[in-house]
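Number of protein chains: 2
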Amino acid sequence: MPFQLTILGTSSALPTSNRYPTAQVLNVLGRFFLIDCGEGTQMQMRKYKISISRIDHILISHLHGDHIFGLIGLLSTMNLLGRKKDLHIYAHSELQRFLQFQLDFLYPADPIPFKLVFHPLNFKKEQIIFEDKRLTIKSFPLNHRIATCGFRFDERPPLPNLIKEQIQHFKIPIREMQRIKEGDDFTTETGEVIPNNLLVHPQKPGRSYAFCSDTAFLETIAENVRNVDLLYHEATFAEDNRALATATYHSTGKDAATIARKAEVKKLLIGHFSARYKDQSAILDEALLIFPDTIIAEEGLTISV
Amino acid sequence: MPFQLTILGTSSALPTSNRYPTAQVLNVLGRFFLIDCGEGTQMQMRKYKISISRIDHILISHLHGDHIFGLIGLLSTMNLLGRKKDLHIYAHSELQRFLQFQLDFLYPADPIPFKLVFHPLNFKKEQIIFEDKRLTIKSFPLNHRIATCGFRFDERPPLPNLIKEQIQHFKIPIREMQRIKEGDDFTTETGEVIPNNLLVHPQKPGRSYAFCSDTAFLETIAENVRNVDLLYHEATFAEDNRALATATYHSTGKDAATIARKAEVKKLLIGHFSARYKDQSAILDEALLIFPDTIIAEEGLTISV
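Chains A and B supply the protein sequences, listed in that same order.
Taking the numbering used here, the leading residue of the first sequence gets 1, the next gets one more, and so forth.
Taking the numbering used here, the leading residue of the second sequence gets 1, the next gets one more, and so forth.
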């Protein structure tokens, strides 16, 4: 079952001829989450064969133009494609005003026939913003010029299977099975306690992904993204532009790698590159010194976690 | 001196993996006019090496999303690039409200430091919207679901050069020369009238381009675009979708070619293709039957008129 990230845009505020503003799609078990929606996102989705109609959840880190200008075009296209399903948007509450004005302007007589369900983010503390049997998504504060959140996706793996032979051996009744799958030990009629790990197959750990953009270096992020399999962290600059990074509340390659190391993540993906850099080797090189399993985000890159 | 069109987008409302929403740039003698500004226009400008800071005039045919969603990103980028020069926008007066809301939202404390000069279009009749020594631009009504204008660009060629030998022969005084360049005959002291064409080199005719999108077939367009060197006319559908073309106020390849033939233009460029067509051969073929000098618009196509 997929847990797969597709990168649609990796530029910072100024797009270049081959880097688009921020957008990504995470496919979790066939459910598609769009993270940020810079200008051109819908065209990038076409190019990389992401179905627009399968997007039911959009997460917006913050309300800078390079993370939101693709929304109105995407909503218009969903309308043209005949969408009826609700669309959930997790963002700063002001985004609703921004989008509603544009929708009212474009469709004064004939409002779009699907509902936008807005979920306001909390920019002060970590918060669960989505939860079901298979997935938990949390938002957490970043440190940018305006209110900004990162997002962490944790797959909740299916309950483990029972070990058939043991179930028969200990004559475990059906009514006990669900509790054992959920982690309980089993006590026999004679009072003997059989530990859970003798009764179930080992559970596969859930997969995890975290997205952090835009942000200055912020130590608390390491806790929010601890142990994720894949961390996307912005690295707008290299250390040669440290003063600019500080002034604009952005990170360097070194900053991103420092968070990755502290958080003991498995892999680091860096992006949101300043148009100042013709290639990103300076940013990558300083990250690799600190966190060797670092790669560069590129449009169209797909990573299976 | 250039009179050169670059195509940035040729899709209709739904972009595809290789066709972007409408946008074009006309370079008239080093001055750049942006015509429509669909989503992704600024990225297409980067890709095809059109300088964003050289755009001083933007013409917007109508206020459907696929012709305007790139504006806010373009304005934001101009702001980031430090623009100070006025930017002239020729459009329906309501566009000002649409853009101003977004700018106020994005830059509440720190408005953009360049002025947007709005020039409202007249959707009832032909009108000169720009005029200087070298160029005249007219707008004229099209027939779409909402108020829509086409645009015609006519180069005014430089005044002709005097024929040096004739000037000496007829002893023409300096004070008369400007009038002769502007077309006057010359009367000698003895009362002899020397016709203008003996005194000046032949003048090169001015080059011309017209843009018509979006529109249903409208016979008056042929007058508005009469004899242009290059006509861009939308051809969203082929005749197999005649009913849809009528219902949505769009043209077919046959419609576009009929206008081109009636108007006796030199060359026809068709675009704004529906995503229904995987290739445009059906649209092109029916146009070629009526107007042989027809070509298909593609992203990145550059035509020197």
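Please keep in mind that the hints were generated in silico from the structure rather than gathered at the bench.
Since the structure is predicted, the reported quantities are computational estimates derived from the model, not experimental observations.
One should not assume that every hint holds.
Which copy is meant is left open, because identical chains are indistinguishable; a pair holds if it fits in one copy or across any two.
What the hints assert, rightly or not - With a straight-line cut-off of 25 Å between C-alpha atoms, the simulated BS3-like cross-links for lysine-lysine are:
1) K124 with K204
2) K85 with K171
3) K49 with K84
4) K49 with K164
5) K47 with K171
6) K47 with K278
7) K133 with K181
8) K164 with K47
9) K164 with K181
10) K181 with K85
11) K278 with K49
12) K47 with K124
13) K262 with K164
14) K278 with K164
15) K262 with K49
16) K138 with K125
17) K133 with K47
18) K138 with K164
19) K49 with K204
20) K133 with K262
21) K133 with K278
22) K262 with K278
23) K204 with K115
24) K124 with K262
Verification of the supplied hints:
no., hint, result
1, K124 with K204, "neither (33 Å within a copy, 69 Å between copies)"
2, K85 with K171, "neither (47 Å within a copy, 84 Å between copies)"
3, K49 with K84, "within (21 Å within a copy, 40 Å between copies)"
4, K49 with K164, "neither (42 Å within a copy, 66 Å between copies)"
5, K47 with K171, "neither (56 Å within a copy, 70 Å between copies)"
6, K47 with K278, "both (24 Å within a copy, 14 Å between copies)"
7, K133 with K181, "within (14 Å within a copy, 83 Å between copies)"
8, K164 with K47, "neither (47 Å within a copy, 61 Å between copies)"
9, K164 with K181, "within (12 Å within a copy, 102 Å between copies)"
10, K181 with K85, "neither (34 Å within a copy, 68 Å between copies)"
11, K278 with K49, "between (28 Å within a copy, 16 Å between copies)"
12, K47 with K124, "neither (37 Å within a copy, 40 Å between copies)"
13, K262 with K164, "neither (42 Å within a copy, 82 Å between copies)"
14, K278 with K164, "neither (59 Å within a copy, 54 Å between copies)"
15, K262 with K49, "neither (35 Å within a copy, 42 Å between copies)"
16, K138 with K125, "within (10 Å within a copy, 57 Å between copies)"
17, K133 with K47, "neither (32 Å within a copy, 44 Å between copies)"
18, K138 with K164, "neither (36 Å within a copy, 82 Å between copies)"
19, K49 with K204, "neither (29 Å within a copy, 50 Å between copies)"
20, K133 with K262, "neither (30 Å within a copy, 66 Å between copies)"
21, K133 with K278, "neither (44 Å within a copy, 41 Å between copies)"
22, K262 with K278, "neither (29 Å within a copy, 50 Å between copies)"
23, K204 with K115, "neither (37 Å within a copy, 59 Å between copies)"
24, K124 with K262, "within (22 Å within a copy, 66 Å between copies)"
Of the hints listed earlier, those the structure fails to meet are numbers 1, 2, 4, 5, 8, 10, 12, 13, 14, 15, 17, 18, 19, 20, 21, 22 and 23, in rising order.
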